[in-house]
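A.B. asks: Using the hints provided, position chain B relative to the given structure of chain A.
Below, each chain spelled out in residue letters.
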Amino acid sequence: MAYEVTLPRLGWDMEEGSLAVWIKKDGEFVKSGELLFTVEGDKAVQEIEALDTGYLRILPDGPQPGVKVPVGTLLGFLVPENERDSFVFPGGVSASTSMATADRVTNPVVDLRAAITSEGEGVLPVAEDAKPRRVYISPYAKRLAQGLGVDWQSLKGSGRAGRIMAADVEKAATAPLVAPKLAGIASSLTTSIPPQAIPESVTRQPMSQTRKKIAEHMATSAHTVAPVTLTAEIDATELVGLRKQLKADAALGGLPLPSYNDMLAKIVAQALLEHPHMNAQIVGDEILYSNTAHIAVAVDTERGLLVPVLRDVQAKSLRQVAREAAALIEKTRQGTIAYADLQGATFTITNLGMFEIEAFTPIINLPQCAILGVGQIIAKQVVTDAELEMVEIRQRMVLSLTFDHRLVDGAQAARFLQRIKRLAERPYVWLVGS
Amino acid sequence: MPEMTFTDAARAGLAEEMARDPLIFVVGEGIGPRGGNFNTTVGLHELYGDMRLRDTPISERGFTGLCTGAAVLGARPVVDFMFLDFELDALGEIINQTSRLRWMSNGQVNVPIVIRGGVGVASTGPHHSANLFSVFMHIPGLYVVTPVFPADAKGLLKTAIRSNDPVIFLEHKKLLKLKGPVPDGEYLVPFGKAAVVRSGTDVTVVAISFPVIEALSAARMLEADGISAEIIDPRTLVPLDIDTILESIAKTHRLLIVDEDYGPCGAAAEIAAQVMERAFYELDAPVRRLNGAFIPAPYSPPLEAAVVPNAARIAQAVRSLIQE
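Protein chains in written order, with the working numbering: chain A, 1 to 434; chain B, 435 to 758.
The shape of chain A in the complex, shown without the other chains (with noise of 0.2 Å):
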């Protein structure tokens, strides 16, 4: 029997994506365990090793290089030594001829049909959601909607098995309009710009995944959360002083030297253990808290924006922090990132500090409540004892924390801001530890 290889799921949340390359030709014998293709998810490029032995057959009409198809799409299938030679694609295309029609593009929810009903027995079942529902409508009511406007993928339909009538796209084109869904707003964002005419000094280009999944999550987030930025300015002195130390540190040699982020990153994790109200989400009608910090940092590559995940990072030390976030922020940057690890985050940092930004207004990443925006690190002369009249030169830092109001109010969020910079002020208190 072939075993089928189709396009795994790489995250909970991700319903399709791309097959990037095959690393194994077509015909080349594999085992189990060897490295087959990658696959580009929504944001992270990952290989595949392969879960069975036997001789790679690629479908000839499978999805191409960079086409998006749904989780579980078969891609080809692992035939072992003894059918070798007797193997036929599911649909009867012989394996002879399956190299002459290589280059033809089908769909590819069609190829998974069709594999299921001639396999019969020993095929694994396809993930039910995998498959996007069809909504059906009759002739008639599709373009009688689209001649009243309706939109009628989102009408239920009161035909057999939920089709689509014509006297349903009646009803719904003389029913009073009703406010949308604020998660409709999002994706209908780019349709509700009127379109103006494109001049003809544009370049063109696809948007790629990375930007798309991007596009997406902002948008949501922008329409969903109700965010407000607080801004501190904090003294870092100790900060750069503490760096300073741990530079100077013999003993560091060959480490990573902990970076502003690793720091802020311990500090914002002992900050959210005392205040779990900023470290939680909205679950449907209830906030979930988590008793643990995951925190993203974003990273900028040529791909886009991506965000690694440090996990635990109250747990860890220092120095810890700093290594595992120099080896996510190199696989990152190099495109190798799991999708695993960009996953599961309670709280982000963005530091736009090297780019010599001040403050700014970062964009909570959904579904978490608050994101610490961290600017450049700059000496300015300070009154540091106003009666004495005395006036220093100290390195100052603006840190713009983005909350959802939804979750928190003004003061909670302004108190775990001031614990944030108590913390930066004077590092000694959370280098103890909780």
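Hints may be right or wrong, so weigh each one.
DSSO-like, lysine-lysine: derived pairs with alpha carbons at most 27 Å apart [claimed, not checked]:
1. A/Lys156 to B/Lys685
2. B/Lys685 to A/Lys171
3. A/Lys212 to A/Lys331
4. A/Lys142 to A/Lys156
5. A/Lys244 to A/Lys316
6. A/Lys244 to A/Lys380
7. A/Lys25 to A/Lys331
8. A/Lys24 to A/Lys68
9. A/Lys142 to B/Lys685
Not everything, but these chain A residues come out facing chain B in the computed CB check (under 10 Å) [to be verified]:
10. Pro139
11. Lys142
12. Arg143
13. Gly159
14. Arg160
15. Arg163
16. Ala166
17. Ala167
Source of the hints: derived by calculation from the structure; they are not laboratory data. Because the structure is a prediction, the values reported are computed rather than measured. For glycine and all other residues, C-beta sits at the position ideal for the given N, C-alpha and C.
C.D. replies: What follows is chain B alone, placed relative to chain A:
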């Protein structure tokens, strides 16, 4: 307007044409002094004698070939097959010669011949119940005519006799005694013009041959449920008046086709295909067919009742289509 039966109306049309044109003659088994098994020629032998009402032996292919030759030479034969099933024995002649001579002669000869016979399941058993609509529809060069009402029997038969190309004239045996008003004298019904025999707004029912009558009963049953069915009788399957059907669908957006003949590759399938090609975006439900069972017609009356579309089954199909 006098009331008469389908048979009497058709015979009146034939008699008028025979009186008008001496080149018209009838050939068949028992159509002479006996007046035809289905009374198609009663009284005509007395008027025109053996020369124009010629009884034949049981040799369908022979007399069909002879009549095709006579038609080529300018006569206008009416070949009366009694039961259409017997036409199968002459099919080689009809398809290979009768239907093709005009093309093969580059239009130098015409074959003005009418081939008529009783069709349909009517307690007549496997050998005498054929409809064969699609067999003739499938052959280029043949008109296929399916009158339902007495007036159409007369008007369409007169048009058939005047046609310069071969006409297959199919008379459902359950219609022969159907009474209806028939215009006196010169009355011609053109080919390719369907009749909307009942107006409605919710569903279009195209019924072929006798099922038109059943569809009308079904429409009365459906009216009680508040469903308004429009019934169309195509009258001729070739040429098919698809425009009238499409017009009706543009109003009702639903189509049921009722045909006692077999479903596969049948007349209903052809109509469904044309509708799909030309009116897909008018359809609010899939096109439905209601056909006779895909089996040789049984002789037993209870079995027969079970295999042909009747009013109750048509009404049921319409209700299901409305809920689709």
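A.B. asks: Now tell me, hint by hint, if it's right for this structure.
C.D. replies: Status of each hint after checking the structure:
1. A hinted pair counts as satisfied when its Cα atoms are at most 27 Å apart, and A/Lys156 with B/Lys685 qualifies at roughly 24 Å.
2. With a CA separation close to 18 Å, the supplied pair B/Lys685 and A/Lys171 stays within the 27 Å bound.
3. Pair hint A/Lys212 plus A/Lys331 holds up; C-alpha atoms about 21 Å apart against a cutoff of 27 Å.
4. Proximity of A/Lys142 to A/Lys156 is assessed by CA-CA distance (about 13 Å); at most 27 Å being required, the pair is judged to hold.
5. With a C-alpha separation of about 21 Å, the suggested pairing of A/Lys244 with A/Lys316 holds against the 27 Å cut-off.
6. Note on A/Lys244 and A/Lys380: the hinted pairing holds, with a Cα-Cα distance of about 19 Å set against a maximum of 27 Å.
7. Our distance criterion of 27 Å between C-alpha atoms is met by A/Lys25 and A/Lys331, whose separation comes to about 26 Å.
8. With a C-alpha separation of about 20 Å, the suggested pairing of A/Lys24 with A/Lys68 holds against the 27 Å cut-off.
9. With a C-alpha separation of about 16 Å, the suggested pairing of A/Lys142 with B/Lys685 holds against the 27 Å cut-off.
10. The interface hint given for A/Pro139 holds, since its Cβ lies 5 Å from the closest Cβ of chain B, which is under the 10 Å cut-off.
11. This hint holds: A/Lys142 has a C-beta 7 Å from the nearest C-beta of chain B, less than the 10 Å allowed.
12. With its C-beta approaching chain B no nearer than about 4 Å, A/Arg143 sits inside the 10 Å limit, and its interface hint holds.
13. For A/Gly159, the interface hint holds, the least distance from its beta-carbon to any beta-carbon of chain B being 6 Å, beneath 10 Å.
14. Because the smallest distance between the Cβ of A/Arg160 and any Cβ of chain B comes to about 6 Å, under 10 Å, the interface hint for this residue holds.
15. At its closest, the beta carbon of A/Arg163 sits 7 Å from a beta carbon of chain B; the interface hint therefore holds under the 10 Å criterion.
16. The closest approach between the C-beta of A/Ala166 and any C-beta of chain B is roughly 5 Å, which is under the 10 Å cut-off, so the hint is satisfied.
17. With its C-beta approaching chain B no nearer than about 8 Å, A/Ala167 sits inside the 10 Å limit, and its interface hint holds.
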